[in-house]
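Undergrad: Going by UniProt numbering, the sequence shown opens with residue 1, and the numbers climb by one from there.
Worth flagging that the hints you see were computed from the coordinates, not collected in a lab. Any given hint could turn out to be false.
Claimed, not checked - Quick list of in silico lysine-lysine cross-link-like pairs, DSBU-like style, CA-CA up to 30 Å: (1) 364 - 258; (2) 141 - 258; (3) 124 - 273.
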Amino acid sequence: MALPIQDLPAWARLNDVSFDNVEVTTTVDKGYGVVSQKDLAAPEGTVETPQLLAVPHDLILNSLAVEEHAKEDKEFKQLLEAVGHHPPRVNVLLFLLVQLARNSSHAHVGVSNPWTQYLQFLPKTVLLPTVWTEDERPLLKGTSLEVAVGAKLRALDNEFEMIREASSDIPCWNGLLWHSGTVSLKDWVHLDALYRSRCLELPKSGESMVPCIDMINHSSDPSAYYDQNSDYEAVLLLRPGVSMSKGQEVTISYGDTKSAAEMLFSYGFIDPKSTSESLVLPLAPFPDDPLAKAKLVAFGKAPKVHVARDSGSIRWDSNFAYLKCVNEEDGLDFRILQDNEGNQQLRVFWQDEDVTDQISEFQKLVAQTHPLPEVLRLRVAVSVQENLEIHLEQLKSELPRHDSSTVREECLKHGLLLRQIETSLLEDAIQALEQEKNSLLEAENVVAYLGSMETSNSDLVGEEASNEADDFS
């Protein structure tokens, strides 16, 4: 059940949330937002800027708050213990799932708290790609988000099934969550989208959801910022040097270092004025590499290549690309060693030195110690360029057809914008890699190496021809 935003002031007064000359209302094109109720100003150089909003510490929702709630709610503690230890995000989502179920069924399971009601003020529609429809998700085909969104949805599915399995044997929670069908995977995905799009990184409490402050929209030219005071309250403050007119929207910055894909993934929109020109793409080992599996296991995480435009110049990096392009003849080796407790471990050796613990800095390591660093760089540049060309081809060839009746305008707008931004960046990155390749091909060591390879191949062809000539059959 949803509550009208007009009821929020009553909830705020009941829970000691202080609004100072601002209010939450419906904006023209951003859903809910916070606007000023009078002219406001904070002169440049002001030490103490006007406070616009203050939220008590006990309303701040994070993993620690969930643990504190479990001390007061024995039934929820039983559920939390049954689910087991998981990342803080999962604990918060589990807490929110229970509040959602309580609101939906009016069941008296667990202890009610301010978030039980506050959840009913939050929007029912969130436009993060994980909640896009099957007609909208093809807009991501070929982009850096295609793989990321698919992986996220699989992870959410696994989390939900884990919670279902862990709690089904607890009568009160089985009855509330599963037997009556009160919640579903769709609810878990929705709550995850709410969490990711509304979380703040507080200076003292870390990653947290903060009621009311989470209603504030983003701007590349923000008028306010959030902080925590000495009482650990979350506060919203007017930025120094800012003046606002009555009725003007108060905004904060969601960050100016995120890529377009990160903005869309986390917040459901792209602000070109606030995004960095960068992207992250998956990078696979060579399909015929006999060491491919060992490289993936040793690397320990999904291999990627990072591409960015910085001050007009293209830069790229990928530790796995260097691991991908070296083999035994370069000095790479994998060994299975046994520790003192009898456990076997895969260890990585580079030129007879154990570098397992330096695998995350493999690019720097091999660039400094490889006997032919320019030749290695050429191999890597060729590999990365081929990878980017494949993604660019997919991005250009897989532009999906869309039906305006089934694809929401905002999803279409930001999906097409992401494609445009990433296409431009990939085209420039491929051109930069082509220039780098041409420069490396002129390097003395590379010329000598390629010359020796040609000589070796010529000798091999000559030997084969000689063998054929001696065939008297």
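Undergrad: Decide, hint by hint, whether the structure agrees.
TA: So, going through the hints one by one against the coordinates:
1. Of the pairs offered as hints, the one joining residue 364 and residue 258 holds, with about 25 Å between alpha carbons and a cut-off of 30 Å not exceeded.
2. With a C-alpha separation of about 21 Å, the suggested pair residue 141 and residue 258 falls inside the 30 Å cut-off, and the hint holds.
3. For the hint linking residue 124 to residue 273, the alpha-carbon distance of about 28 Å falls within 30 Å, and the restraint holds.
Violated hints for the displayed structure: none, as all numbered hints are satisfied.
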